[in-house]
Each structure stands twice: as structure tokens, then as C-alpha cells.
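Engineer: Read top to bottom, the protein sequences are chains A and B. With my numbering applied, the first sequence has no gaps in its numbers, which climb one by one up to 615 at the end. With my numbering applied, the second sequence has no gaps in its numbers, which climb one by one up to 336 at the end.
Treat the hints as calculated values from the structure; they're not laboratory data. Treat the numbers as computed from the prediction; the structure is a model and nothing was measured. For every residue, glycine included, the Cβ atom is placed at its ideal position computed from N, Cα and C. One should not assume that every hint holds.
Result set (DSBU-like, lysine-lysine): computed pairs, CA atoms no more than 30 Å apart in a straight line [to be verified]:
{"id": "1", "chain 1": "A", "residue 1": "K193", "chain 2": "B", "residue 2": "K188"}
{"id": "2", "chain 1": "A", "residue 1": "K195", "chain 2": "B", "residue 2": "K316"}
{"id": "3", "chain 1": "A", "residue 1": "K191", "chain 2": "B", "residue 2": "K314"}
{"id": "4", "chain 1": "A", "residue 1": "K428", "chain 2": "B", "residue 2": "K45"}
{"id": "5", "chain 1": "B", "residue 1": "K188", "chain 2": "B", "residue 2": "K233"}
{"id": "6", "chain 1": "B", "residue 1": "K314", "chain 2": "A", "residue 2": "K428"}
{"id": "7", "chain 1": "A", "residue 1": "K255", "chain 2": "B", "residue 2": "K318"}
{"id": "8", "chain 1": "B", "residue 1": "K10", "chain 2": "B", "residue 2": "K188"}
{"id": "9", "chain 1": "A", "residue 1": "K152", "chain 2": "A", "residue 2": "K191"}
{"id": "10", "chain 1": "A", "residue 1": "K540", "chain 2": "A", "residue 2": "K555"}
{"id": "11", "chain 1": "B", "residue 1": "K318", "chain 2": "A", "residue 2": "K191"}
{"id": "12", "chain 1": "B", "residue 1": "K314", "chain 2": "A", "residue 2": "K193"}
{"id": "13", "chain 1": "A", "residue 1": "K255", "chain 2": "B", "residue 2": "K316"}
{"id": "14", "chain 1": "B", "residue 1": "K318", "chain 2": "A", "residue 2": "K428"}
Sample of chain B residues lacking proximity to chain A, with all beta carbon distances greater than 12 Å (derived) [unchecked claim]:
{"id": "15", "residue": "I104"}
{"id": "16", "residue": "R162"}
{"id": "17", "residue": "E168"}
{"id": "18", "residue": "K181"}
{"id": "19", "residue": "D210"}
{"id": "20", "residue": "E215"}
{"id": "21", "residue": "K225"}
{"id": "22", "residue": "K241"}
{"id": "23", "residue": "A251"}
{"id": "24", "residue": "P263"}
{"id": "25", "residue": "D287"}
Where chain B lies over chain A, by a calculated footprint (3+ residues, C-beta under 8 Å) [claimed, not checked]:
{"id": "26", "stretch": "249-263"}
{"id": "27", "stretch": "304-312"}
{"id": "28", "stretch": "319-328"}
{"id": "29", "stretch": "457-471"}
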Amino acid sequence: MTTAAPGISRDRVTIRFAGDSGDGMQLTGTQFTTTSAMIGNDVSTFPDFPAEIRAPAGTLPGVSGFQIQFGSVNIRTPGDAPDVLVAMNPAALKVNLHDLPDGATILVNEDSFSESNLKKAGYASNPLEDGTLKAFRVVKQPITTLTREALKEIGIDSGSKDRCKNLFALGVMYWLYDRPLEPTLEWLSTKFKKKPLLVEANHIALKAGFHFADTTEVFTSHYQVPAATHLPAGEYRQVMGNEALALGLTTAAQKAGLPLFYGSYPITPASDVLHHLSQHKHLDVRTFQAEDEMAAVCASIGAAFGGAMAVTGTSGPGVALKAEAIGLAVMIELPLIIVNVQRAGPSTGMPTKTEQADLLQVMFGRNGESPCGVVAPATPGECFTLAIEACRLALTHMVPVFILTDGYLANGAEPWLLPNPDDIPEIKVNFITEGNGPDGVLNGYQHDPETLARPWAIPGTPGLEHRIGGLEKWDVTGHISYDPENHHHMCKLRAEKIERMVVPDAELIGPEEGELLVVSWGGTYGAVLTAAEELRLAGKEITVCHLRYINPFPKNLEATLRKFKKVIVPELNLGQLCMMIRAKFMVDAISYPKVHGRPFQVAELVAKFSEVLSD
Amino acid sequence: MTSAVVQLKKKDFVSDQDVRWCPGCGDYAILNAMQRIMPELGVPKEKIVFVSGIGCSSRFPYYMNTYGFHTIHGRAPAFATGLKCTNPDLTVWLVTGDGDGLSIGGNHLLHVIRRNVDINILLFNNKIYGLTKGQYSPTSEVGTVTKSTPLGSLDRPLNPLRFALASEATFVARTYDTDLKHMQQVFKAAAAHKGVSFVEILQNCPIFNDGCWTENLAKKVRKDKVLFLEHGKPMVYGADKNRGLKLDGLALEKTSWEGDETPADVFVHDSTVESSVLATLLTEFTDPIPVGIFREVQAQPYDEALINQLDVAKDKSKGQGLAELYRQGANTWTVE
Ligand code: SF4
Numbered sequence: 001m002t003t004a005a006p007g008i009s010r011d012r013v014t015i016r017f018a019g020d021s022g023d024g025m026q027l028t029g030t031q032f033t034t035t036s037a038m039i040g041n042d043v044s045t046f047p048d049f050p051a052e053i054r055a056p057a058g059t060l061p062g063v064s065g066f067q068i069q070f071g072s073v074n075i076r077t078p079g080d081a082p083d084v085l086v087a088m089n090p091a092a093l094k095v096n097l098h099d100l101p102d103g104a105t106i107l108v109n110e111d112s113f114s115e116s117n118l119k120k121a122g123y124a125s126n127p128l129e130d131g132t133l134k135a136f137r138v139v140k141q142p143i144t145t146l147t148r149e150a151l152k153e154i155g156i157d158s159g160s161k162d163r164c165k166n167l168f169a170l171g172v173m174y175w176l177y178d179r180p181l182e183p184t185l186e187w188l189s190t191k192f193k194k195k196p197l198l199v200e201a202n203h204i205a206l207k208a209g210f211h212f213a214d215t216t217e218v219f220t221s222h223y224q225v226p227a228a229t230h231l232p233a234g235e236y237r238q239v240m241g242n243e244a245l246a247l248g249l250t251t252a253a254q255k256a257g258l259p260l261f262y263g264s265y266p267i268t269p270a271s272d273v274l275h276h277l278s279q280h281k282h283l284d285v286r287t288f289q290a291e292d293e294m295a296a297v298c299a300s301i302g303a304a305f306g307g308a309m310a311v312t313g314t315s316g317p318g319v320a321l322k323a324e325a326i327g328l329a330v331m332i333e334l335p336l337i338i339v340n341v342q343r344a345g346p347s348t349g350m351p352t353k354t355e356q357a358d359l360l361q362v363m364f365g366r367n368g369e370s371p372c373g374v375v376a377p378a379t380p381g382e383c384f385t386l387a388i389e390a391c392r393l394a395l396t397h398m399v400p401v402f403i404l405t406d407g408y409l410a411n412g413a414e415p416w417l418l419p420n421p422d423d424i425p426e427i428k429v430n431f432i433t434e435g436n437g438p439d440g441v442l443n444g445y446q447h448d449p450e451t452l453a454r455p456w457a458i459p460g461t462p463g464l465e466h467r468i469g470g471l472e473k474w475d476v477t478g479h480i481s482y483d484p485e486n487h488h489h490m491c492k493l494r495a496e497k498i499e500r501m502v503v504p505d506a507e508l509i510g511p512e513e514g515e516l517l518v519v520s521w522g523g524t525y526g527a528v529l530t531a532a533e534e535l536r537l538a539g540k541e542i543t544v545c546h547l548r549y550i551n552p553f554p555k556n557l558e559a560t561l562r563k564f565k566k567v568i569v570p571e572l573n574l575g576q577l578c579m580m581i582r583a584k585f586m587v588d589a590i591s592y593p594k595v596h597g598r599p600f601q602v603a604e605l606v607a608k609f610s611e612v613l614s615d
Numbered sequence: 001m002t003s004a005v006v007q008l009k010k011k012d013f014v015s016d017q018d019v020r021w022c023p024g025c026g027d028y029a030i031l032n033a034m035q036r037i038m039p040e041l042g043v044p045k046e047k048i049v050f051v052s053g054i055g056c057s058s059r060f061p062y063y064m065n066t067y068g069f070h071t072i073h074g075r076a077p078a079f080a081t082g083l084k085c086t087n088p089d090l091t092v093w094l095v096t097g098d099g100d101g102l103s104i105g106g107n108h109l110l111h112v113i114r115r116n117v118d119i120n121i122l123l124f125n126n127k128i129y130g131l132t133k134g135q136y137s138p139t140s141e142v143g144t145v146t147k148s149t150p151l152g153s154l155d156r157p158l159n160p161l162r163f164a165l166a167s168e169a170t171f172v173a174r175t176y177d178t179d180l181k182h183m184q185q186v187f188k189a190a191a192a193h194k195g196v197s198f199v200e201i202l203q204n205c206p207i208f209n210d211g212c213w214t215e216n217l218a219k220k221v222r223k224d225k226v227l228f229l230e231h232g233k234p235m236v237y238g239a240d241k242n243r244g245l246k247l248d249g250l251a252l253e254k255t256s257w258e259g260d261e262t263p264a265d266v267f268v269h270d271s272t273v274e275s276s277v278l279a280t281l282l283t284e285f286t287d288p289i290p291v292g293i294f295r296e297v298q299a300q301p302y303d304e305a306l307i308n309q310l311d312v313a314k315d316k317s318k319g320q321g322l323a324e325l326y327r328q329g330a331n332t333w334t335v336e
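The task is simple: from the sequences and hints, build the whole structure.
Structural biologist: Structure representation (C-alpha cells):
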């Protein structure tokens, strides 16, 4: 369904859909993303929605947005600023306007700019008429009226008709960027399988938007964004971080030959991990929606005692509640995965907004010396690989390991090359079936000389009946001990277990020594890399060292830090990784902190890095 | 995986750890009763797990030569749930106290009971915090003078059995530490019940709350102050078996009579009725205090239902593995 008119070619475009939380903006954005990915573009998305399920219609807190960057080149971020904003009402316009660069295009639903809606959005006069938008190219269309008109023959109520207006807008955008309608048409047919009239109405609205844009020439030109060429050949799908994480956990359990137990309590933005895993039951995944965060982690540790691949998932407030139990897992040396999908804190904070401020919490937020492994995926797709890695480390060393993602990774999407499960190595498990001590008794705390793992003697194994608990243990026998020397020794041994983890060297992008090293971690990867690339193209000397393993740090980190004149650590907190690096390596690292509840913009990183380079 | 069938003895269940409760503590007798019934359950030792929280009672697993897990304060029900969901084959005993189970762990106890996880819960009730050296507990009577309540405690006590019944427990019983035989009977019945079993054990703490149950349990008053519940038998008590309970409107009332004939209006105990109302009425009595099985009804245990769901999902999936999982619910496309 492409038009004859030739389009202008673009290698990357950023658009943002914004409207009331009832306007279906997340759905619209997701459809645009899927279609773009399916025609071969690289994509990255940033859904931004309010914490309220339905804030009062038309108000500023009720605005829901979805930004996507798509392109023929390597797309690593959802884009700094939209080239096009679709604003379904005055509130959406007001909330998003300050992110628009001069010259950007705004498509607005003129129908919604009524006096009462303007008032709800806090506009004293109509911005479509008072010159507020003179820096932009504004396309005003009566989208509600046009949708109603297109659907006048359809026998559904007017409310249902009005709810199709997002598809009209999507149709317009599909024309503007020369996208096929078929993937969305098919998706609608499946989604409303049981309601054929709704399928028809939505199909008509989508097509009407497309044809309207084509025939009325409201836009002077349209654009083509060719398929990306850098993506390796293979079969792809789109994946969001939380789903990739769930797939990774199930894969790891299968590769270890264990049932997966996932204990969790609903919390934004981690709940989707529970939703996804509850669809994996046929692969021996046992999900448990607990009565609270403590029960979720404790049930998981009970499952680990019983021989399961045990995982608990939550966000920062939940990690705070789970702290005591995680300490127990450290003490009893059982494998446990704790997923922390970080959100803006402290306290309830901004639940739907992203942040990286739980790093020190997962590192140190427990009583006593209680070290845990910490890994941090860099992209949504990487949540899959690092989930497997975390399980491998936990099972190999018999320790708790945190997976630290964030709201941005959890809900952001990217094209994902489907892995071949046969290529993923098996994970070895430390089960013991016979006594390893004198006279065949169990030495429950006999540590492997290499990994320092203790044997995993699970209930049901004859002859290995033993008791574990949170009291300090004698090394080797595992009996209760209050011996001072032994306690000192065991604290060091538990720390050493983490240090012994074999983790890959940190990825270095750029020269191996020189002027400026950027040390980043987690979901800031895309923005940091894109910024550094821009500077390198401008002839600047800059290297990125992105950390996916934080406890233990990769072995090459210290040497790397010392090869650069300056080190800067950008992160979405007030300088937590920077503090760790300064404390551990005595390197004069510069912190670049930000806590806006949003990801870094490429432009602000470019500006900061340039400033540091020229200082 | 199971060990050869050999007749196990009590001593096979005694661990190598020295028992460290205070001399005269009621916990010794409870441990003794438990170790005695173990061989009679016909469950191999390796399939038995004792899980506990924190407190005096929670040291119990260390003294049982089975698998054991001494966890953290109040959370034992959650650990036991995870364990049973992983291996429903295990026989899991949960040992808790009035502080561990009803204060810090109240929420978990409620939920493990309502889920009907197939475990046996023993709540040692001595109406005091022992391990932290004698503060009042959620079962202490109003006015209890302790280190933390020099002028007497203010909060009203909780009745553990009413808590269990309100949480829809499918097996509810009470026994006491000075009656080895009764304890063994109740423990065996709890073990035989499929689903959650909740047993309150009236236990003396000679150090911090000595005589907390003597009003009912002292040898010389016991016969008149304890009602032994038996399914299908009239609720009769007293040294001369001439006292009992009868239903009067919506209340159970005490009654007494002359002669050997038990009057027809003495209520006959039926622990299997679906409604928990009568069992709840019984919990109101402190004179006489009813012991034995209050309620015993059938319902599918959570762990069994969970495994059933897995089996149904496996059947439906027709052998789909990871490769299919990665495509589940997603549009895919190919990059050449
Ligand atoms: S403090 Fe009381 S309950 Fe605890 S061991 Fe001593 S006597 Fe028993």
C-alpha cells in the first residue's frame, strides 16, 4: 500500500505519540514499532506513562507518551527529540512541547482543542491560534470528526467509534513514513477476533488516516526510511526487557535441568516478568504470587533449598523489604537470583519513571558483610543473555546474584535476533548424592577449591539429612559456630566467592588508552555509545568502557582506568558507580549524575564529554 | 532415591546436637513426642523436613535428625511454601511460636493456611517471648507484667485457633506439653491430613512465664478444666464425666447432670462439618479448655494444584520447547 509519490530518504527518524492515557497511545506506538521492525528498520522505544491508571481525562498528569526512533542505521536510543509529535489533546501538546526542536512537525487533533480541554491543560488561550507554535510546522486536523465520518456506516456506539481515532492518526503516520498497513490490520483481526465489528471499524479508521494523508496533501512530502543493513542475518522479533528477562530465566533453568521457581509480589515496573513467566508453565516454570515481598523472596529461598532454580523479582522498594532474607541466602550459600527493575526513588518515588539509584542498595543494603553478585544488562535484548549469566554464576558459586535492570530497559523494545537454544551451553549444578566427609557424613560447607561453592544436598537425598540456618557456620562441617576466627574466615570466604566469579572483560569501544574514558553501566549504554561515536566522528579522542558486571568488576577495569587521563561516570543517580570506582581504585573519576526519571539524552552527554575534554 | 525399608526407631530421629532449651522447658516433651511418632509415619527420613523461624521453639529442627531449615523471624511459612512447590513429595513440619507465628509472621501464617499448603504447623504457645528474655506476646493476657510492660500489657490477646479457623484452616487441633499420649495422637492425625494442619501446643515456659497454663492443666484440676474432643462423641468432661457442653441458640453452654447417662442434648462433636462456626464457638472456651481436633475437612492442597497446572500446560504444549517459546505471541521477520 505505498503511494506513487517519491519520498525523501532519511536514515533515522524520531516520532512521539502523546495523548490521554485512555487514547491508546501505547498501543499506537507499539504498532508503529512492530511495523517498522518488520520492514527491516532498527528500532528503539521509550514508553512514558503516568502511574495513575486513569488520571482525569484531559489533564496534564493523565498524558501518556510513546517515543520511537527507527532507522536504516544502528539505532541505540529512542532519540533525543522528536521530529514529529502526534498530540491528541491540548494536555499532550503542553507536556511534550518543550522537548521539540525548532522546525519539528506537530500533528494535532484539532477537535480536542475545546475551551474546557484547554482549561484542563492550563492554556489561557488556544496555542493553535495564538502563535505559541510558530517555530514548528503544525498540521491541524479534526481527527475525531474525520474518524466519525469514516465510521458512520458501522453499527457501533459513538464512544467505540471515537476510540478508533488513534488508528486514524497511526494511518497518517504510516503514510508519512511509507509503512505498510498489513501488520497492523492483521494484528487487529487477531486482537478483536470475537468482535468483528470492532475489527472492521479499526481497519477502516487506519486506512482512512492513510488515504486522507495521501489525498489531501496535508504534508508536503513523505519520507522513506530504508531497511537497516547492519543487523546480522537471521530471524528476528521485537522484545522488551522484561520479556527478554523472563525468556532468559526459563532458558537458564532448562539448561540447568531444574524447575524454575519465581516468587514475586506485584510491583511497577517488574510485574510483567511475573506475567510472562506465568505463561511458561509447560517448561516447568512455577510462579508464585506471594502475599508480600518478604514472602516472595523467602518462598524462593525455600525453593532453592529444595533444588529449584530460584528467582525473586521486584523493584527497589521490594529489595528493601527482602534484604534480611537475601542475607540468609548469603549465609546458607544457596543459589538465588534477585531481579531489581529499578524505578525512581526514594520511597514510592516515581514508580513509572526510570533511574539507576539502587546500585549501592544491592551492593550493600543488608546487615553484616553480605556480598552478592551483581550484573546489569545494557539493552532490552541483553536482559535475556544476562539472565542466563546470572543463573550460571549463582549455580556455579552457590550465591545470590542480582540482575539490575530499570524501567527504561523493562519497557523499551528493540529487534532481537532469535537465539538457537542448542547454542546455549548447559549449566552444571552442584548436587551431591553421597556423603563427602569421614564415614560418609555430609560436610555441608566443604567448599570447592576453585569456585568455593558448597555442595547442594537437597531434601529427599538419603543419608544427607542436615540442618541449615542463619546462624554462623563452621567452615567444612556447616555446624553452628560462634568461634571468632571462624567468623572472620567465613566473612572473607563469602566475599572471595564473588571475587572468584569468572566474568568477561569489560567491552572497550574506542582507543585502548588516551584522553577520556567514559565508564557506564546498565541501560545508559545506547545513549553513551551514540554520544561517544558522535564525538569520535568529530575527531575527539574518547573511549567507552561499559560495565555489565558490577560485582565482581571485570578484571580489566583497573588497568583500563589507569590508561586514560580522565575518567567520567555518567549515571542516572547521584554518583553511585563513581563512588565505588573512586573507593576501590583511587582513581579521580568525575561524576556526571542525573535523576530526572528519564534516560540520558545523547546531546547532553555530547555536551558534557566535550566540556570535560576541553577542560 | 528412597532408602531401603528398615524399621526406624525413635533414636534414628535424634540429631547429634545437644538440646539447649532451659531445664524444665515444655519444648523437651514436645520434641520427645515428635521423635516418638516419626517412625510410625512410614515416611523415609530423607523426605522429612522441619522448617522454623526464630524463637525458642524454632531451635526444634536442629534436634531432629531429618532435613531442617532454621530460617528468619516469622517467615517460615513462606520458606515451607516454596519448598513444597518445588518438591510436593516432602513431608514438611513447620515449627513456630506465638511471637514468631502471630506477631512478626502473622501475615505469612494467614496466607500459608488459606492456601492450604500441605504442611503441618505446630505453634508452641507459651504466651511470652522467651529467646529475647521475656517480653509479652500477642497471646499474653491484658495486664501481663513483663520487662517491656512494667505496668501491664495493654493489647488484647489473639486466640491462635480462631486465627487459624478464620484463615480457613482445613485441620485445626490443640494439645499440650504435659500429655505425651495426647500430643502423639494429635501429631499423627495432623501428619495424616492432606492439606494444611494447624496444631496449637499449650507449652510452659518455666523461666519467663511459669505456670502459664496451670489454671487448666495442673494435674489436680485438669480433669475438670479440660475437654477432650473426640469426633462422633458427646462433649463430656469432668472427673465424674458428668459435665458437658450443649448448644443453646447460637452459643455453646456448659451443662451438668447426675448419674451415668449422658443427656441427649449434650452436643456431639463433629470435626468434619464444612462450616467452621461450631469449631469457632469451641475456641471461646477457656474453662474447660477444649483439646483435640476441632476441625478436619478436605480441600485440594495448593502444591498439588500447582503441579496439576504444570501437567495441564505440558499436555497442551505438545512438547514445545525453548525455540517455540522465543516465538510465543510475537511477530517474527527475517533479515537476509
Ligand atoms: S525461655 Fe522459656 S520457652 Fe525458651 S527455652 Fe527457656 S523455658 Fe523454654
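Engineer: Each of the hints needs a verdict: does it hold here or not?
Structural biologist: Against the structure, the hints come out as follows:
{"no.": "1", "hint": "K193(A) / K188(B)", "in the structure": "violated (55 Å)"}
{"no.": "2", "hint": "K195(A) / K316(B)", "in the structure": "holds (26 Å)"}
{"no.": "3", "hint": "K191(A) / K314(B)", "in the structure": "holds (25 Å)"}
{"no.": "4", "hint": "K428(A) / K45(B)", "in the structure": "holds (28 Å)"}
{"no.": "5", "hint": "K188(B) / K233(B)", "in the structure": "holds (20 Å)"}
{"no.": "6", "hint": "K314(B) / K428(A)", "in the structure": "holds (25 Å)"}
{"no.": "7", "hint": "K255(A) / K318(B)", "in the structure": "holds (20 Å)"}
{"no.": "8", "hint": "K10(B) / K188(B)", "in the structure": "holds (15 Å)"}
{"no.": "9", "hint": "K152(A) / K191(A)", "in the structure": "holds (22 Å)"}
{"no.": "10", "hint": "K540(A) / K555(A)", "in the structure": "holds (27 Å)"}
{"no.": "11", "hint": "K318(B) / K191(A)", "in the structure": "holds (24 Å)"}
{"no.": "12", "hint": "K314(B) / K193(A)", "in the structure": "holds (26 Å)"}
{"no.": "13", "hint": "K255(A) / K316(B)", "in the structure": "holds (22 Å)"}
{"no.": "14", "hint": "K318(B) / K428(A)", "in the structure": "holds (27 Å)"}
{"no.": "15", "hint": "I104", "in the structure": "violated (10 Å)"}
{"no.": "16", "hint": "R162", "in the structure": "holds (20 Å)"}
{"no.": "17", "hint": "E168", "in the structure": "holds (14 Å)"}
{"no.": "18", "hint": "K181", "in the structure": "holds (27 Å)"}
{"no.": "19", "hint": "D210", "in the structure": "holds (28 Å)"}
{"no.": "20", "hint": "E215", "in the structure": "holds (35 Å)"}
{"no.": "21", "hint": "K225", "in the structure": "holds (37 Å)"}
{"no.": "22", "hint": "K241", "in the structure": "holds (45 Å)"}
{"no.": "23", "hint": "A251", "in the structure": "holds (34 Å)"}
{"no.": "24", "hint": "P263", "in the structure": "holds (46 Å)"}
{"no.": "25", "hint": "D287", "in the structure": "holds (36 Å)"}
{"no.": "26", "hint": "249-263", "in the structure": "holds (count 6)"}
{"no.": "27", "hint": "304-312", "in the structure": "holds (count 6)"}
{"no.": "28", "hint": "319-328", "in the structure": "holds (count 3)"}
{"no.": "29", "hint": "457-471", "in the structure": "holds (count 14)"}
Hints 1 and 15 from the earlier list are contradicted by this structure; the remaining hints agree with it.
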